[in-house]
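Colleague: What follows is each chain in one-letter form.
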Amino acid sequence: MNDASNAPRRWVPLALSGPALALFALMVLLPLGLTALLSFQQFHPERGVEGGFTLAAYAQVLGDAYYWEIFGRTGWVALLTTVLCVLIGGPEAYILSRMRRPWRSVFLLVILAPLLVSVVVRAFGWSLLLGPNGLVNQAFEWLGIGRVRMLYTPIAVVVALVHVMLPFMVIPVWTSLQKLDPMVENAALAAGATPGIVMRRIVLPQVTPGLLSGSLMVFALSASALAIPGLLGGRRLKMVATLIYDEYLHELNWPLGAAIALALLVVNLAVMLSTNALLEGAYRRRMG
Amino acid sequence: MQRNGPLALAFHTLVVGFMLAPLVIVCLVAFTPANTLSIPWGEVSLRWFRAVFEHSDLVQSFWNSLAVATIAATVAVALAVPAALAIARLRFRGRQALNGLLMSPLIVPHLVLGVAILRLFALIDARGSSAWLTAAHVVVVTPYALRLMVAALTGMDRAIEQAAQSLGAGTATVFRRITLPLMLPGITGGWVLAFINSFDEVTMSIFITSPQTVTLPVRMYMLATESIDPMMAAVSALIVGLTALVMVGLDRLYGLDKILVGSSQ
Chain V
1 MNDASNAPRR WVPLALSGPA LALFALMVLL PLGLTALLSF QQFHPERGVE
51 GGFTLAAYAQ VLGDAYYWEI FGRTGWVALL TTVLCVLIGG PEAYILSRMR
101 RPWRSVFLLV ILAPLLVSVV VRAFGWSLLL GPNGLVNQAF EWLGIGRVRM
151 LYTPIAVVVA LVHVMLPFMV IPVWTSLQKL DPMVENAALA AGATPGIVMR
201 RIVLPQVTPG LLSGSLMVFA LSASALAIPG LLGGRRLKMV ATLIYDEYLH
251 ELNWPLGAAI ALALLVVNLA VMLSTNALLE GAYRRRMG
Chain R
1001 MQRNGPLALA FHTLVVGFML APLVIVCLVA FTPANTLSIP WGEVSLRWFR
1051 AVFEHSDLVQ SFWNSLAVAT IAATVAVALA VPAALAIARL RFRGRQALNG
1101 LLMSPLIVPH LVLGVAILRL FALIDARGSS AWLTAAHVVV VTPYALRLMV
1151 AALTGMDRAI EQAAQSLGAG TATVFRRITL PLMLPGITGG WVLAFINSFD
1201 EVTMSIFITS PQTVTLPVRM YMLATESIDP MMAAVSALIV GLTALVMVGL
1251 DRLYGLDKIL VGSSQ
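Protein chains in written order, with my numbering: chain V, 1 to 288; chain R, 1001 to 1265.
Okay, chain V solo, but in the shape it has when bound (with noise of 0.2 Å):
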């Protein structure tokens, strides 16, 4: 197509997309907006939500040590989880990469197929598991280590985010080795490079962009997650999300709810939109 026989047909693209169009503006840019006013609004225990604009529900999350427990709590488990995630999805990733032709695909979907599970059932196998009479307690008295309390505990929500979590990370490591050539590595070995020196040279440069993006990407779907906290945390053990929920569900106070959602959606936008900019940083590094 030349620009001659575009320029009449602006209007195409918008046609194309305008089904879409008005329906995101409807159900995604409508609705942040108005959960945008909502956190400015009054918030009254018994007559509800009451208009005006007050500061009142930011100040309130601001100022209390309860809010910021939880914040912290939901930062570090976050953080733990990212962490674990790279310590095992990177390596798994590498040995997958490695393996012969049909165990590849066959241990790649193995590892990623749980994706497609429900997470209220995965949640709920991890609940049978770490139980106090589950099966990992068996094993532990069997061991003689004696019985855990983990569910309730972070343990238990730490334990099902990586497994979650885990596959986010495998398929950007995967994705980013299998442009490694594998002779590259060995042309190494031959060279006389010894295979940390290989690990640490080739393999690490190559797959750092793949963690990174990996790492971000857990990072803010743990720390939004709510089902996993919600169903192995119960209450006692309360994250960002939960306590969304029981603000808009149980307390019915929405406005203080819409604060903290907005704060939420504002650390992962700052987290998710950096991946990029880390990543073109990343490549321009090594390609200069």
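The hints are simulated quantities; they were obtained by calculation from the structure and are not laboratory data. Glycine included, each C-beta is placed from N, C-alpha and C at the ideal position. Check each hint, because a few of them may be wrong.
Computed beta-carbon distance windows for the label pairs [to be verified]:
(1) V:144 <-> R:1070: 14 to 20 Å
(2) V:252 <-> R:1050: 35 to 41 Å
(3) V:140 <-> R:1226: 24 to 30 Å
(4) V:80 <-> R:1123: 35 to 41 Å
(5) R:1003 <-> V:65: 51 to 57 Å
(6) V:179 <-> R:1127: 47 to 53 Å
(7) R:1127 <-> V:155: 35 to 41 Å
(8) V:251 <-> R:1173: 57 to 63 Å
(9) V:186 <-> R:1009: 17 to 23 Å
(10) V:139 <-> R:1060: 36 to 42 Å
The calculated SDA-like cross-link candidates involving lysine to any residue, where the alpha carbons are at most 25 Å apart (straight line), are [to be verified]:
(11) V:238 <-> R:1228
(12) V:238 <-> V:272
(13) V:179 <-> V:212
(14) V:179 <-> R:1155
(15) V:179 <-> R:1009
(16) V:238 <-> R:1009
(17) V:179 <-> V:201
(18) V:179 <-> R:1181
(19) V:238 <-> R:1107
Given chain V, put chain R in place with the hints provided.
Modeller: This is chain R only, laid out in the frame that chain V set:
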């Protein structure tokens, strides 16, 4: 090619065991004859599966989920095909912004979408409406369909379309006879991925479903927070089984690793 050492294979075995453990355990516990959550070491029983089918709320929410996911995936594909054509084929101002908006449900946490849409529904009194719930699901699953279709279009050999055009085929004919059939794998894969993601969606739905429109994952979440009996394991086992069936089908059709790896970037 290098081989994995014994240490690497041991690590790999542990990771695979870790990934499969929670799925295997629910399938085992589902067959318990006991009243408590336990692994049936001796005899097995189907009583908890019978309990699932006799639980009218669960059955109802299964049908709700099936209807919502089928319609949402179909509408998402119908919206994504023209949008993908615009994004992959045309250069226009705001193209990046359009792509960013249509992909935003992957970046905006479903939790935030859930409370935001709840506010909209409360203001327009749309709670309890299946149509509005389905519309929210369309938003959440459109990115999956769109991404596979943009990938299908960018990977397509334009020479075939140009050949048809130079032989006198009109724009509509080229689209119907060439472009659409070549997009078909992307469309099928996108539909299935959209369907699965809608069927599994819990975080947003938990805020915007009402007693009449509760979907299966939300119902299961509510059951799991109230009381836990082996019936939960039986529903979970059924879902694992259904998912496995869909995956085998999808793998035959399209190559599951391609869909999964391609869809998460």
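Colleague: Hints first: check each against the structure and report whether it holds.
Modeller: Consistency of the hints with the structure:
{"no.": "1", "hint": "V:144 <-> R:1070: 14 to 20 Å", "verdict": "violated (53 Å)"}
{"no.": "2", "hint": "V:252 <-> R:1050: 35 to 41 Å", "verdict": "holds (39 Å)"}
{"no.": "3", "hint": "V:140 <-> R:1226: 24 to 30 Å", "verdict": "holds (28 Å)"}
{"no.": "4", "hint": "V:80 <-> R:1123: 35 to 41 Å", "verdict": "holds (39 Å)"}
{"no.": "5", "hint": "R:1003 <-> V:65: 51 to 57 Å", "verdict": "holds (55 Å)"}
{"no.": "6", "hint": "V:179 <-> R:1127: 47 to 53 Å", "verdict": "holds (48 Å)"}
{"no.": "7", "hint": "R:1127 <-> V:155: 35 to 41 Å", "verdict": "holds (37 Å)"}
{"no.": "8", "hint": "V:251 <-> R:1173: 57 to 63 Å", "verdict": "holds (60 Å)"}
{"no.": "9", "hint": "V:186 <-> R:1009: 17 to 23 Å", "verdict": "holds (20 Å)"}
{"no.": "10", "hint": "V:139 <-> R:1060: 36 to 42 Å", "verdict": "holds (39 Å)"}
{"no.": "11", "hint": "V:238 <-> R:1228", "verdict": "holds (21 Å)"}
{"no.": "12", "hint": "V:238 <-> V:272", "verdict": "holds (24 Å)"}
{"no.": "13", "hint": "V:179 <-> V:212", "verdict": "holds (16 Å)"}
{"no.": "14", "hint": "V:179 <-> R:1155", "verdict": "holds (18 Å)"}
{"no.": "15", "hint": "V:179 <-> R:1009", "verdict": "holds (23 Å)"}
{"no.": "16", "hint": "V:238 <-> R:1009", "verdict": "violated (38 Å)"}
{"no.": "17", "hint": "V:179 <-> V:201", "verdict": "holds (16 Å)"}
{"no.": "18", "hint": "V:179 <-> R:1181", "verdict": "violated (30 Å)"}
{"no.": "19", "hint": "V:238 <-> R:1107", "verdict": "holds (23 Å)"}
Going down the numbered hints, you'll see the structure goes against 1, 16, 18, while the others check out.
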